[in-house]
Structure formats: structure tokens, C-alpha cells
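*Asks:* Can you build the whole structure from these sequences, using the hints too?
As they're listed, the protein sequences go chains A and B. Anchor point for the first sequence: position 276 equals 276 in the working numbering, and the numbering is continuous, going up by one each time. Anchor point for the second sequence: position 99 equals 99 in the working numbering, and the numbering is continuous, going up by one each time.
Treat the hints loosely; a few may be bogus.
Taking lysine to aspartate or glutamate and the EDC-like style, the derived pairs with C-alpha atoms no more than 20 angstroms apart in a straight line are [to be verified]:
| hint | chain 1 | residue 1 | chain 2 | residue 2 |
| --- | --- | --- | --- | --- |
| 1 | B | 238 | B | 277 |
| 2 | A | 50 | A | 224 |
| 3 | A | 227 | A | 170 |
| 4 | A | 388 | B | 123 |
| 5 | B | 3 | A | 325 |
| 6 | B | 238 | B | 207 |
| 7 | B | 82 | A | 355 |
| 8 | B | 135 | B | 295 |
| 9 | B | 82 | A | 356 |
| 10 | B | 23 | B | 65 |
| 11 | A | 200 | A | 135 |
| 12 | A | 388 | B | 111 |
| 13 | A | 127 | A | 114 |
| 14 | B | 3 | B | 24 |
| 15 | A | 127 | A | 357 |
Hints listed in this document are in silico derivations from the structure and should not be mistaken for laboratory results.
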Amino acid sequence: MIYLDNAATTQTGERVLNAMIPFFRESYGNASAVYSLARSSKKAVFDARKKCAELIGAYPNEIFFTSGGTESDNWALMGAYDSYVINHSPDGKNIKGHMITTAIEHHAVLRTAEHLAGRGVDVTYVKPDGDGFIDPEDVVRNIRPDTFLVSVMTANNEIGTIQHVSEISERVHALRKDVLVHTDAVQAYGQTDIRMLTGKVDLLSASSHKLCGPKGTGLLYIRDGIKISPFIRGGMQESGRRAGTENVPGIVGFGEASAIASETMEDKINTEVKLRDLFIEKLSAIPDILINGFYAPKDHMKRLPGNISVCIKGIEAESALIMLDRAGICASGGSACATGAMEPSHVLKAIGRADDEAKGSLRFTLSDRNTEEEIITAAGVMAEITDKLRNGKKHL
Amino acid sequence: MNKTVVVGMSGGVDSSVCAYLLKEQGYNVIGVTMQIWRPENACDISYNGGCCGLSAVDDARRVAETIDIPYYVMDFRSEFQKYVIDHFSSQYVKGLTPNPCIECNRHVKWEALLQKARDIGADYLATGHYARISKFDNGRYSISASKTAAKDQTYALYALTQDQLAHTLLPIGEYEKTDVRRIAEEAGLPVAHKKDSQEICFVPDGDYASFIEKEDGVNVPGPGDFVTPSGEFIARHKGITHYTIGQRRGLGVPAGERIYVTDINPESGRVTLGSNEDLMTSAVTADDLRWMGLEGISSGEKIRVKAKIRYNHPGETGFLESAGDGLARVVFDKPVRAAAPGQALVFYDESGTYILGGGTIIKQAKE
Numbered sequence: 001m002i003y004l005d006n007a008a009t010t011q012t013g014e015r016v017l018n019a020m021i022p023f024f025r026e027s028y029g030n031a032s033a034v035y036s037l038a039r040s041s042k043k044a045v046f047d048a049r050k051k052c053a054e055l056i057g058a059y060p061n062e063i064f065f066t067s068g069g070t071e072s073d074n075w076a077l078m079g080a081y082d083s084y085v086i087n088h089s090p091d092g093k094n095i096k097g098h099m100i101t102t103a104i105e106h107h108a109v110l111r112t113a114e115h116l117a118g119r120g121v122d123v124t125y126v127k128p129d130g131d132g133f134i135d136p137e138d139v140v141r142n143i144r145p146d147t148f149l150v151s152v153m154t155a156n157n158e159i160g161t162i163q164h165v166s167e168i169s170e171r172v173h174a175l176r177k178d179v180l181v182h183t184d185a186v187q188a189y190g191q192t193d194i195r196m197l198t199g200k201v202d203l204l205s206a207s208s209h210k211l212c213g214p215k216g217t218g219l220l221y222i223r224d225g226i227k228i229s230p231f232i233r234g235g236m237q238e239s240g241r242r243a244g245t246e247n248v249p250g251i252v253g254f255g256e257a258s259a260i261a262s263e264t265m266e267d268k269i270n271t272e273v274k275l276r277d278l279f280i281e282k283l284s285a286i287p288d289i290l291i292n293g294f295y296a297p298k299d300h301m302k303r304l305p306g307n308i309s310v311c312i313k314g315i316e317a318e319s320a321l322i323m324l325d326r327a328g329i330c331a332s333g334g335s336a337c338a339t340g341a342m343e344p345s346h347v348l349k350a351i352g353r354a355d356d357e358a359k360g361s362l363r364f365t366l367s368d369r370n371t372e373e374e375i376i377t378a379a380g381v382m383a384e385i386t387d388k389l390r391n392g393k394k395h396l
Numbered sequence: 001m002n003k004t005v006v007v008g009m010s011g012g013v014d015s016s017v018c019a020y021l022l023k024e025q026g027y028n029v030i031g032v033t034m035q036i037w038r039p040e041n042a043c044d045i046s047y048n049g050g051c052c053g054l055s056a057v058d059d060a061r062r063v064a065e066t067i068d069i070p071y072y073v074m075d076f077r078s079e080f081q082k083y084v085i086d087h088f089s090s091q092y093v094k095g096l097t098p099n100p101c102i103e104c105n106r107h108v109k110w111e112a113l114l115q116k117a118r119d120i121g122a123d124y125l126a127t128g129h130y131a132r133i134s135k136f137d138n139g140r141y142s143i144s145a146s147k148t149a150a151k152d153q154t155y156a157l158y159a160l161t162q163d164q165l166a167h168t169l170l171p172i173g174e175y176e177k178t179d180v181r182r183i184a185e186e187a188g189l190p191v192a193h194k195k196d197s198q199e200i201c202f203v204p205d206g207d208y209a210s211f212i213e214k215e216d217g218v219n220v221p222g223p224g225d226f227v228t229p230s231g232e233f234i235a236r237h238k239g240i241t242h243y244t245i246g247q248r249r250g251l252g253v254p255a256g257e258r259i260y261v262t263d264i265n266p267e268s269g270r271v272t273l274g275s276n277e278d279l280m281t282s283a284v285t286a287d288d289l290r291w292m293g294l295e296g297i298s299s300g301e302k303i304r305v306k307a308k309i310r311y312n313h314p315g316e317t318g319f320l321e322s323a324g325d326g327l328a329r330v331v332f333d334k335p336v337r338a339a340a341p342g343q344a345l346v347f348y349d350e351s352g353t354y355i356l357g358g359g360t361i362i363k364q365a366k367e
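*Replies:* Below, the structure is given as C-alpha cells:
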């Protein structure tokens, strides 16, 4: 099997798994309890918080563990809204508010924004350019007196483009200190250096399973001094801001994965960039193939190192993915829907791809455990599949 | 090398057993559920036990896991909308009574799904229909009745082409429903006791008129007049989409004797109410002909057939003859009741076993 869907999830690392195991059967205590069994759990959560904080250049007290990236995004938006309402209209009446986000966010942000729109919030969706970049100017010029939140993702999950979030954050705050800036960094955390963001953005979401950590764990970075309402209530965990018994093994695994990412980031990026450039070079031999989003060989500042997103004209991704699966290659198309069928991607539409181009969109996301051999094989299989699908159309 | 077959899996017991049987027969089986439903309605359809909603996908996936076959969901929403739902609405608005299962089989399952099956390298498409495929001495393929007369599903398959039939497997046609449930149980399939789906899958409550009203871009005709067969005004009605030929209930017209919808005129908006007698007809004409066991019919030729005028119709014998350009007519031995324009007229051999061909019933002047 050749696994090329690391943006969907990753294989849990061995070192990560080993770090987690003691917290299932030996140190299983509830971190909030008083007895000594609980102490090792408490310490493990503390250590993990430090490791996550170090990876992004934050303070440990700015890290709040959640159940994953989706919860973190939901919390950031809902929490920012609740706080805005409470501060501006304690009875919740006659207050609507405005938020700015982008047309290419993950559904965890988009659906929550739609939910807020249902509560009366006016939502502005900034569109990207053809390369997939959000112009910071487009964000800033949409700020209004009632704007309470800006949410722009760090790197896109489909096309890998890395946004100018740090500039956006500086410019928003230069204009209005009270507007919260959130970034969904789920795809960027552990894949690229995002230390320049912390201290600038107010809120940042990340997830553990995208960097060889376990599933079901994530974090919301909340900049020191920023207050947003809790999203999950019912306990004093996470300094009273996120209730629920800590997922100690998950948090430990997340911490360990973050520590590994800190140690190995440079090598990992170099390996992935080389593999990605090789893959794109090989795929470019397929006629009528378009690369989605900005791409320049060797670059890893404007596009995630492991992301390859292409539109292959004249084929349907749905069939191609099944044929790839049958050849033992795991890849993905546009966003998958609940049933597992394909939806035309909102991201590809936003960067100007026509519907029939978007239908043939495939995403390959690499890790540093992939090999050159795998890349060459996969590109060869992709070329064969493209041929088959294009020829199949002709004689029917 | 073993042949590869894509099985259209609805999550029901028939298509599940179909996949199981083909796997047992040594085929490389790939399970596919067609996503045909728009997401906002996915929940309705699951609750109503229809096929192809979210719970159907879960069921089909569990079956695929149980029998250890690869399983995928494919998106056919645009094809289903275009060929089935839009067609359904446009026919109703014209006062016709469409059969969406026929359109779905013809365009969605045996065109779009078969195409995708071939794309991914399959040799055949298989479904859980109660029907069989036979090859005649003249080299033509035909759909023939399943082993069990009680579950005959041949009617809605009459429009399949020879090429489609050559690439189709229908293993369930060899079994009785009770056998199918028993096989499912013995194989440990989690859907062995699932109840059969009913009604038209995208209108689970059977309220076609409200469904059509909610469709975008459909100009739903407003209220009109109920009239007698001689054209006298009886009362106002809710609009022609609320009625179908042969309907007795829900007319809202008090009458001494039993009255039925006997005619729908989309131009005038008039719905004629008449007696049971008025519903009887001895000849039915069809257009848009599809030929299966027969290659066609020449003018002057008369062929003994049994013909069905709707799903579940037991069939009536008569003569099939050409009725001019692209039309065929069946003159029945005994009159048939409530032949509705828009439904299919399917001709079988005289024993009712093999499909010879079929077409869409057209409106005709009373003789």
C-alpha cells in the first residue's frame, strides 16, 4: 500500500504510541483527582502542553486541549460570538455583529459561520485569487464597527496554500484591537514553522492526528489575556475553559508528536519538498493536467511541503480514486461527504476551476515516510488510470 | 482471470444477497451504492426506510464488510435529478403518470452506473432485481420473469438495450424472496430481516403533488374544473398534479355512484370524472419503443402477446401490431382498466415470460 493521504490523517508514530501506552493501564488516574495515581496524569498533561506550546512558540498557559481541530474551530467562532454578545448586550437583544472569513475555509469554520449567520451575524466571505491566496487588503477593508472576529486559515487543506495570516493579524489589530483573529492551523501545525503567528493571532486551532499523533485530540491556542466563552461546559479542566475529563493518553500522544515535529521539522520539510517536486514533475507528463494553487519547485513558504493537488481534465476523480485504491494507492479528491461520495470542492470553485475541471481533482499529501520509489510508482499508476478513463469515454 | 462485477447495493436484502451470491460464484465483486439523494433530504429518506440514504449506505457498507468486498459510494445526484426527478415532475405537469423506476433503471443504473463500472474495469453490472436474462436463438437478449411470480420486477427493466443486457447479471431472479432472506440469514448478512422498500423512493410519503410543488423551476398548474365525460362542470379541483388516471380517493366530490378520474387534460386543466366503465379500454398505444426479444414489428404484422400496462399488472393477452411511425398498439382480448398515459406498455410473449419490447403509453382518442 502507498499512503498518500496524510492531510486526511496519519499513521500514529511508534514513539508517540509508546509514550501513550502507560496512560491506559498504569497511570490511568483522573488528572483532576487528589491521590498520587492522578499526579502522573497531571504531570503528563502539563508536559504535553509544554511540548505543544514549544512547537508554535506559545506559552503553555495559552494551550487548551480539545477533542480535535473541528471542536477547536467551533469553539473559536462560537466562543468569540458569545463573548461579543455578552459584552455588548447582556440580554442578548438587538445585537448581531459581523465576522470575516474566507471562501476556502474548512467546513468546521464554514458551517459554524453559517450557524452564526442563522443567529443574525453578518458573515463576509473573502475570495482567494487564482493561486489560492487571500489578499490581506481584502480582509482589512471589510472591517466594520460591529466586526468581532476574523478567521483565516493558515494553510488550506485541499490546495496547501499558506496564507499571510501574520500580516492579516497585524493589520487587523492595528486597525481594531478588539477584533479577534482566529486561524485554523490544522493543516499547518507540525508541517511548517508557524511560530511567527503566536503572539499575533488571538486564537489558533490545531489537531493531533495530522502529525502522527492520535485521533480525537486537538488544541485551541488562546493568546494570553484573551477571553472567549467556553464551548464545552461542566468541569474545571483546562483552567475551567474546556470541561471534560482530560484525554490523557491522547494529550500525551499529541505532546510527543509535537516534540518530534519540533526536533525534525527541517528534515521533514526537505524530504517532503523533494518528494513533492518529483511527484509533480512525473505527473506533469500527463496531458491536460493542472496544478491547483500556487506552486514553485523547492518552495515551502507559500505551499505546504507535502501537498499536491491537481485537476486532470477529462476524468472523474470518483472513478480514479477507486482505481487508485484497487492499485493499493490511497489518495483523495475534493472534500468527502457524509456518505463517502464526492462533492464538488468549494475551494477549487473559489480559485476559479470550472465544475468539470473540479470533477477531476485529486489530492495527494505526502509524509516524510514516503519514498521516491513510491512516488514514481504512484505517478505511473496515475498516468495509466488517466489513459484508461479517457479512452473508456471515447468508445462508449 | 476472474470477471469483475459491480453490484449496485441499496442496503436492502436483495442487492446484499446478490453481492454475496456473485462472490460465492467466484466473481471479483465491487459493491457500489449510488448516492442519488440531495443531502438535505438524506435524513427523510433514511427514516422512511427508502434506499440510498445515509442509513442505506451504512447498511450496504456493513454487508460489504461482512462478505469482504471493496465498497464505494458514487455520486449520481445530478443524473438522478436530470433523468428521474425532472422527468417525473415534467410528466406530471403534463397530466401524465410517469414511472420513475423505469427512467432510473434506464438512465441512471444502466447508463451512468454501468459506464462508471466499466471505467473502473468491471465486466458486468449486477443488481438485486427479481428478473432473469435469457439469450434467444436469434442472438438477442431478453429479460425474463424471475423464479417467483410474486416478486416480478421485469416490467421496469424493459428499456434496457442489448449491449446493457450483455453486461448485466441478475442472480436474484433464480430465487424466491424467502430463499433470499434465508441465504442472507445463513451468510450472516446484517440486513436479512430488513423490510422491503415501498413507494417511489424520492417521495416516501407518496404525496407527489407536494413534492412537485417544492421542485425548482417547475410551473405547477393551478386549480381547474372537474367535468363529466360529456364536459359538464362538476366542481373545482386542486390542480392536475393531484390526480392520476383511475384515482377514486381524495377527489373531494360527493357522488352517488363510484366515480374515477378518467381523463386529464393539461391544456384546459380539466379533469374528467367518470364511471369504472369509462376506464376500460381494449387497445393501448405506445411510442418511444424499445425492443428486447423482438427486433421490431413491421406494418401489417400481428403478434400474440401478453402485455402489462403498469407495475404489478398481471398482464392481459392480445395482439401486438404496428400503429404507424414509431408507434405500436396492443389490442387486448379483454379490455384493460385505467391505462394511464406516461406509464409503460410492456409486451411479453403470450405466456408472459419474456419481454419482447415496450414503450410509453400515449393518450388516444376513445374509439
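*Asks:* Each hint: holds or not?
*Replies:* Hints, one by one, checked against the model:
no. : hint          : in the structure
1   : B:238 / B:277 : 25 angstroms, violated
2   : A:50 / A:224  : 15 angstroms, holds
3   : A:227 / A:170 : 19 angstroms, holds
4   : A:388 / B:123 : 14 angstroms, holds
5   : B:3 / A:325   : 18 angstroms, holds
6   : B:238 / B:207 : 13 angstroms, holds
7   : B:82 / A:355  : 17 angstroms, holds
8   : B:135 / B:295 : 13 angstroms, holds
9   : B:82 / A:356  : 17 angstroms, holds
10  : B:23 / B:65   : 13 angstroms, holds
11  : A:200 / A:135 : 18 angstroms, holds
12  : A:388 / B:111 : 18 angstroms, holds
13  : A:127 / A:114 : 16 angstroms, holds
14  : B:3 / B:24    : 13 angstroms, holds
15  : A:127 / A:357 : 19 angstroms, holds
The structure fails to meet hint 1 from the earlier list, while all remaining hints are met.
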